[in-house]
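There are 8 protein chains.
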Amino acid sequence: MIREHVRDLLERVANGELAADAALDALALDPVESLGFATIDHHRALRQGFPEVIYGAGKTPAQITEIASHIAARGTGVLVTRVSPDAAEFLRANLPGVELNAVARTAHVRGIEPPPRGEGNVVVVTAGTSDLPVAEEAAVTADAMGCVAERLTDVGVAGIHRLLANRGSLEQASVIIVVAGMDGALASVVGGLVRVPVIAVPTSVGYGASFGGIAPLLTMLNSCAAGVTVVNIDNGFGAAVAAARILHGATE
Amino acid sequence: MIREHVRDLLERVANGELAADAALDALALDPVESLGFATIDHHRALRQGFPEVIYGAGKTPAQITEIASHIAARGTGVLVTRVSPDAAEFLRANLPGVELNAVARTAHVRGIEPPPRGEGNVVVVTAGTSDLPVAEEAAVTADAMGCVAERLTDVGVAGIHRLLANRGSLEQASVIIVVAGMDGALASVVGGLVRVPVIAVPTSVGYGASFGGIAPLLTMLNSCAAGVTVVNIDNGFGAAVAAARILHGATE
Amino acid sequence: MIREHVRDLLERVANGELAADAALDALALDPVESLGFATIDHHRALRQGFPEVIYGAGKTPAQITEIASHIAARGTGVLVTRVSPDAAEFLRANLPGVELNAVARTAHVRGIEPPPRGEGNVVVVTAGTSDLPVAEEAAVTADAMGCVAERLTDVGVAGIHRLLANRGSLEQASVIIVVAGMDGALASVVGGLVRVPVIAVPTSVGYGASFGGIAPLLTMLNSCAAGVTVVNIDNGFGAAVAAARILHGATE
Amino acid sequence: MIREHVRDLLERVANGELAADAALDALALDPVESLGFATIDHHRALRQGFPEVIYGAGKTPAQITEIASHIAARGTGVLVTRVSPDAAEFLRANLPGVELNAVARTAHVRGIEPPPRGEGNVVVVTAGTSDLPVAEEAAVTADAMGCVAERLTDVGVAGIHRLLANRGSLEQASVIIVVAGMDGALASVVGGLVRVPVIAVPTSVGYGASFGGIAPLLTMLNSCAAGVTVVNIDNGFGAAVAAARILHGATE
Amino acid sequence: MIREHVRDLLERVANGELAADAALDALALDPVESLGFATIDHHRALRQGFPEVIYGAGKTPAQITEIASHIAARGTGVLVTRVSPDAAEFLRANLPGVELNAVARTAHVRGIEPPPRGEGNVVVVTAGTSDLPVAEEAAVTADAMGCVAERLTDVGVAGIHRLLANRGSLEQASVIIVVAGMDGALASVVGGLVRVPVIAVPTSVGYGASFGGIAPLLTMLNSCAAGVTVVNIDNGFGAAVAAARILHGATE
Amino acid sequence: MIREHVRDLLERVANGELAADAALDALALDPVESLGFATIDHHRALRQGFPEVIYGAGKTPAQITEIASHIAARGTGVLVTRVSPDAAEFLRANLPGVELNAVARTAHVRGIEPPPRGEGNVVVVTAGTSDLPVAEEAAVTADAMGCVAERLTDVGVAGIHRLLANRGSLEQASVIIVVAGMDGALASVVGGLVRVPVIAVPTSVGYGASFGGIAPLLTMLNSCAAGVTVVNIDNGFGAAVAAARILHGATE
Amino acid sequence: MIREHVRDLLERVANGELAADAALDALALDPVESLGFATIDHHRALRQGFPEVIYGAGKTPAQITEIASHIAARGTGVLVTRVSPDAAEFLRANLPGVELNAVARTAHVRGIEPPPRGEGNVVVVTAGTSDLPVAEEAAVTADAMGCVAERLTDVGVAGIHRLLANRGSLEQASVIIVVAGMDGALASVVGGLVRVPVIAVPTSVGYGASFGGIAPLLTMLNSCAAGVTVVNIDNGFGAAVAAARILHGATE
Amino acid sequence: MIREHVRDLLERVANGELAADAALDALALDPVESLGFATIDHHRALRQGFPEVIYGAGKTPAQITEIASHIAARGTGVLVTRVSPDAAEFLRANLPGVELNAVARTAHVRGIEPPPRGEGNVVVVTAGTSDLPVAEEAAVTADAMGCVAERLTDVGVAGIHRLLANRGSLEQASVIIVVAGMDGALASVVGGLVRVPVIAVPTSVGYGASFGGIAPLLTMLNSCAAGVTVVNIDNGFGAAVAAARILHGATE
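Protein chains in written order, with the numbering used here: chain A, 1 to 252; chain B, 1 to 252; chain C, 1 to 252; chain D, 1 to 252; chain E, 1 to 252; chain F, 1 to 252; chain G, 1 to 252; chain H, 1 to 252.
By construction, these hints were calculated from the structure, which means they are not laboratory data.
Quick caveat: nothing in here was measured; it's all calculated off a predicted structure.
All C-beta atoms, glycine included, are put in the ideal place defined by N, C-alpha and C.
Any given hint might turn out to be false.
Quick partial rundown of chain C residues pointing at chain A, CB under 10 angstroms, derived from the structure [what the hints assert, rightly or not]:
| id | residue |
| --- | --- |
| 1 | 95 |
| 2 | 99 |
| 3 | 100 |
| 4 | 146 |
| 5 | 148 |
| 6 | 206 |
| 7 | 207 |
| 8 | 208 |
| 9 | 209 |
| 10 | 211 |
Selected chain F positions facing chain A (in silico; Cβ < 10 angstroms) [stated by the list, open to error]:
| id | residue |
| --- | --- |
| 11 | 37 |
| 12 | 59 |
| 13 | 61 |
| 14 | 90 |
| 15 | 112 |
| 16 | 148 |
| 17 | 152 |
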């Protein structure tokens, strides 16, 4: 729909129905809605193929709810990450149809139509139980992006046979997201076992010289398994979006 | 072939032709060749679908050449990265059929059969001329992995219309590798323009507070464009392998 | 007035009405008022052209109020930054005429005469909604310094057309303050679009590898757009003072 | 001229003489010249009002010379920074009309017309003799940008009366660039003495806990004199461009 | 007294009254009193000339009180630093004769005899009001060590004449302790003005790129004024002990 | 027992009673029990000779209790570290037979049979009273691993004779664990005094430039006493396991 | 012999043959030999059971040779580490009986009697060929300390079956030294496979975000395999001494 | 003499012989001599009591020699630190009367009159032979400042009895400078043994996690011996000036 609108504008310029300057203004400003404290970009769904996403940290519950309501009103679906318990309560009360996930700290309002299906599946592998919130954020996001997400939990390398016992699951994955804190070594071992894309998420799980996730971040950036890519510490959301970029590309 | 060999071993155990212990030994040790200072893993081609790769830094020209010769002798192809000028000279003289690329600092001996073709193409985008060696390493590696690589050079965000002028190339890419030093901002802008996977490579180009590439590394890890993934500083090789993991997955 | 007082002192030395030592003492000590825990410098208004400013963090509500009262009593105006909610309550009750801004965390008592007007205007651009408190501190400070401040909110580079759609505002600015956390890439893009001074403020918005604002700080220091200058993380106040130094210079 | 060309293109679209797509292509690609390893942006002069600048580090002497020649051929003037002694020799031999400055490590070819004059003057203040290369880079750049640059050398705060003795020069400046390594304290003292814009450049002069310039960088970012802005370590060029942005703004 | 005891022991060994092993045991263990969770070293007063000091952070109020009581019982005086409000309450109730200082966060029980007087005086100079707790810790400690402490408050370098106006106090000091956060530049300026020992204490006052006091710590370590020495961030206590080491040395 | 089970499986493959694939599955999956949010590895006792250990941080009291109950049910004993006060309460109420240690922050359920005894003893040496929680974690862990642990408390190097007075205890130790924060210098002195293994544990005790334990960590890694090894900051548990690895090796 | 000498001294004190002061002097100074630029501690062999070791970096070839000659003259054996090629040449010419190892960068003169044999063996495992110099330093040192050293090379975790194929060697080791750069993940996997002490040596092999060995150092300090201990980056020597402390303890 | 000159100026103002402005100019500019690239401050000798000092790093041999010649011509003596071998050669040839010290990397021209004698002595203690250049810089500087310097070499804490054997020298010192790299632990032990001022100098001796001297710097800043002060890494010069400030204060 939006694509048609744009084509229409350009044709009207060609037909002399619209001045060049006016067309430029229309093109740029129309699908951007300003709330004063936020500028909603309704174009993004078109450009990137994702539902609109709100980063919840640093915004008040009221701000989150107002932005989410405006997006949901267009019917395109909206996902909120980093939802504090307070914000979750506020959203439950004020945003009809919201699905809250306390472990993943997400809030989700589905769009009128489901997102297009990505090809294949994502397997989210975690090194330990403490990594679950990040892994769950990844799984919820993947689902919101139209991708099938499976979970493989607590298979860190200190007990390597736990991982090897699950080699079957790994080999049937289209994309693997590895979530690990502390030494972050799981990404290298998984990266060496499979041929598919591996996205590593360092977590802030640990203490002392883990420095809030720097240790596994560096481990993963230096992975001796070639072709492992990395996202920000605790960024389960970003890893899932990266997986969706891959699986939706495979669809087309 | 190797797969058949393994199946054969296991069946001989089942038939009582081979003791369990003996089979385990055979299985593990056979395809690994020891040179004393190195343990070549001929299995890897099977496991990961890549030609064998040697990281040239920290190895002597003689060591590199000996490892490369043993691999090349199997006919599977071998790629050497971080080839110093000295090592390049030594390889040119002692490794028949080697292709040297001075900008990318690579040496390549092609296998008897070409690698399987990846689906689609990789576009390697660089922010500035000084980033070219890393970008070229990515392009050479992609080619060695059976992927088509295109180049888009010197389109950093300080002159944003240079990038926008090339939006067509970006939109036709299957995977985009963004190579940038200094502020590393190019990855965020590209990540916001396209829907396909974007792999960001920070480079050590810059001075002062770029801290040898930490600045663009952090920029890319914190990209406000969702789903951008990152590899190590100057790791053009790793970015290309990540791209190959995606494109070969799309093939299957 | 103060200038006259000083000239008078020096002339009395020349006339023999005042010993050299006595003049030195008078000159230095007169306009500095000591509260025991603080030394108020009433000279600064003369020297720098700004109202007096109090950095509120690390001071008790009572200390802030006492210092502010002494300054306000001279009629020169006073601005307090980093006002905690407790201090705000205390100031509201005890400092007549105070204007509080909860988002900017500022308290302001205007002087008897308005500050001299700076030439032109400051545009405060923010990458995201979470950057608003820092941007608002900049805008309030600019106003207190006699400068017109405009706001352009939530135009981060992940959706580059949101920014390009506002190119008009940017091009009519005299000075631009760019406030951004996470990747901080907005400063480079804006710096490349305009010819006027651009002052970049990294914010502590983000998580993980943003390291409390180090990531955008480094991005901005390494900006590939030449001539972008940077202030401390979250230092909206400092950016506005820098802008005022420019606009008041242009006045003269 | 370029502006007219663009207007012309858009009017031809309005007149039906040109298809929308064709106009877009023409608009973006025309003033960008590709050398394969570099994309020259002849538009930048228009957009930012500076001569074109080449960052010399990480480029070969031949690359620098080729880029510089293409720019110089347009008659708009070109400045090269971070010129190694080898590159300087090569440029001297191959780039007619080049002016080399060994202390500043710059190469400059002046444009056919001089750059427009900035209003007022820049005073470049250095803390010590070892900071001179960075200060000289700033002075040469300011000159290339059409600004008058004065120098005040070796007036660090350990002998505060050296600085106070030059208070007259400081008070007559339109913009001050403070270049200092080690403790970087000079920026705070100067910032407290004057009302005009102060741009601080930390240098890598020092040893041990100066960490290659991190110490003065942090000092300057935390300056207790409000409104001091900072550029990258050793970035004399950037400071001068920031000054030019201010002085040319004052012109208009 | 203790000295005599030791000499006595050694003479008894020489006289055959005591076996060598027994003497060694006696010598080492006698003046050390064990509380299970702490080993009190009553020797230290002899060895270093200071009253015993307890670092209060990380100890429970009960632990602090028990250790302090045992020391106070010997009559040698005891100083506790980093006393939390809870610990202060507990000490007030349970340690007779304790003097509490809420700003300095110290608790002090004076010994039966006053400490020997140090020669001369210490001047504690602070850059800003927020640095007062650290400065006060220094002043209280100096007093406990028998040194006269004077205070000079809120004379940071952004208003350099505030400092110059107090040059007299500085020139009459025997030792100067400079307490400053943010840019820490005050230490360099003071170090350049005087010939006496200058001990710099960086404070954690500031935000963003002050990194909890790293910025002024580095500034002070890199001071361009020769011979300025530095102690840990917020370590007013250590600076005062260093001053006492100097002033007591001068006494002898 | 488990060892026999595995041998049995392999013999059944050799006898044709079991297909190779089935044996592989059985081997890997049997002793791993999945709780959904955790994968318990009952094999580990066999592989490493330790009771199972749960890292309590980042897990809810309910999760900890459920995992601990499943392990305890097998009779092999379980140790929980980093037990928060809330978790301790929950465990006291819901895990029969648990032994809680508030200083060490541990919970321990002993196995049906005591662990095998390690040869010799571990001496846990602490620099100061504030290091006790980490030291106690080490001592409790050593006990759980079947090792005798002795404690030597508050013998930091600032009073070197306190340490020398205890040289006897040090010389009779089989392994020494040195627990120290702040300057961490104790490890080097102890390492120079004895010939047995020395394991150094840096603690986060300190402030300012101790950077949460980085200072003693670096001290210990750079120990001028050869052969001192180091574990993570505050990792008393890990140090004790390392000691147990040594003492149990000596047993065999 | 030295032990007897000391006992003799003490008995002479008990017998009145020697004054206490004189005995103290004799005891302390005798076995320490001063070369002006160095203080040789011939006692150390007694105290720690190792041959004397010289750290070669930062000493001139002449200094190294002079120190080594004085030690060798006593017949106790001497090991030099970090021997530069220049120093190696100088030692070869001037130190009779020296054994040089170019890969390990060591020089060794054996003592008159061989060192006492340690119980068991050390297995030195390396992740990659580039880690060999550090591993070889460990092996040479272990040999000099009387320990049997075996080598297992190039078995990094990216090809996990290379490691699993060598599980036999690992299980027969008394102590394992793991030498790895880049991601350092090998230590965690080995630590999970065996019950014996594991000493991890991070190496500076790698580039970019390995930060000269910080990445594997942090990985190893955060190892999820309990009881892995760590030494300084590239410190093969220290790891071997730690192993010798363990194996010699097991001997007694 | 200079003092008289200044008094004279002020009296002429009082007498009307000199205008106030003229006096100010005269006062400030007279004793400062400008060489274009340097501003020599002949006042400093008056203000601080030291000979003039030139920091040699980052200056050309010609620059150093020109500055040194101008100072030497006044007869006040000059000390150059960080003299490169090239600069040393140049100075030997062009600066009559220069004394060069290759280990300390200093050049010294003595003044016409010897500096005033400081009271007492400085003992410079080093942990190892590799720390000698820094220690020697301290000793040469102390001598140039009129202080007696003694040396105590290679007494690091790994062999604690080497240090204890020299306790006599330590106890007779007026000030102690401790020079140590690697773990830097020597400062804490010495600080605990003596009552006089202890100035700690971390050195860049070491490798890996010593991070160019950060490790001993942090150790020393966190010293558990109270009142130890610290100077920059490798700053033997600064430590000696700090000692001279103490010993000259004791003189007066």
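Now the hints, each set against the structure:
Among the interface hints, the one on residue 95 (chain C) is violated; its C-beta lies about 27 angstroms from the nearest C-beta in chain A, farther than the 10 angstroms criterion. The beta carbon of residue 99 (chain C) comes no nearer than 20 angstroms to any beta carbon in chain A, farther than 10 angstroms, and the hint placing it at the interface is violated. With a cut of 10 angstroms, the hint placing residue 100 (chain C) at the interface with chain A is violated, because the nearest CB-to-CB distance is about 18 angstroms. For residue 146 (chain C), the interface hint is violated, since its Cβ never comes within 10 angstroms of a Cβ in chain A; the closest pair sits about 25 angstroms apart.
Checking residue 148 (chain C) against chain A: minimum C-beta separation of about 19 angstroms lies over 10 angstroms; hint violated. The beta carbon of residue 206 (chain C) comes within 8 angstroms of a beta carbon in chain A, closer than 10 angstroms, and the hint placing it at the interface holds. For residue 207 (chain C), the interface hint holds, the least distance from its beta-carbon to any beta-carbon of chain A being 6 angstroms, beneath 10 angstroms. At a threshold of 10 angstroms, the smallest CB-CB gap from residue 208 (chain C) to chain A is about 3 angstroms, leaving the interface hint in force.
Proximity of residue 209 (chain C) to chain A holds as hinted, the smallest CB-CB distance being about 5 angstroms (cut-off 10 angstroms). The beta carbon of residue 211 (chain C) is positioned within 10 angstroms of a beta carbon in chain A (closest approach about 9 angstroms), and the interface hint is therefore held. Interface hint status for residue 37 (chain F): upheld, as the beta-carbon distance to the closest one in chain A is roughly 5 angstroms, under 10 angstroms. For residue 59 (chain F), the interface hint holds, the least distance from its beta-carbon to any beta-carbon of chain A being 6 angstroms, beneath 10 angstroms.
Taking 10 angstroms as the C-beta cut-off, the interface hint given for residue 61 (chain F) is violated, the closest approach to chain A being about 13 angstroms. For residue 90 (chain F), the suggested interface contact is broken, since its CB lies about 16 angstroms from the closest CB of chain A, more than 10 angstroms. A hinted interface residue such as residue 112 (chain F) counts as satisfied when its beta carbon comes closer than 10 angstroms to some beta carbon of chain A; here the least separation is about 23 angstroms, so the hint is violated. With its C-beta approaching chain A no nearer than about 26 angstroms, residue 148 (chain F) sits outside the 10 angstroms limit, and its interface hint is violated.
Taking 10 angstroms as the C-beta contact cut-off toward chain A, the hint placing residue 152 (chain F) at the interface is violated, the least distance being around 23 angstroms.
Hint check: violations occur at hints 1, 2, 3, 4, 5, 13, 14, 15, 16 and 17; the rest are consistent with the structure.
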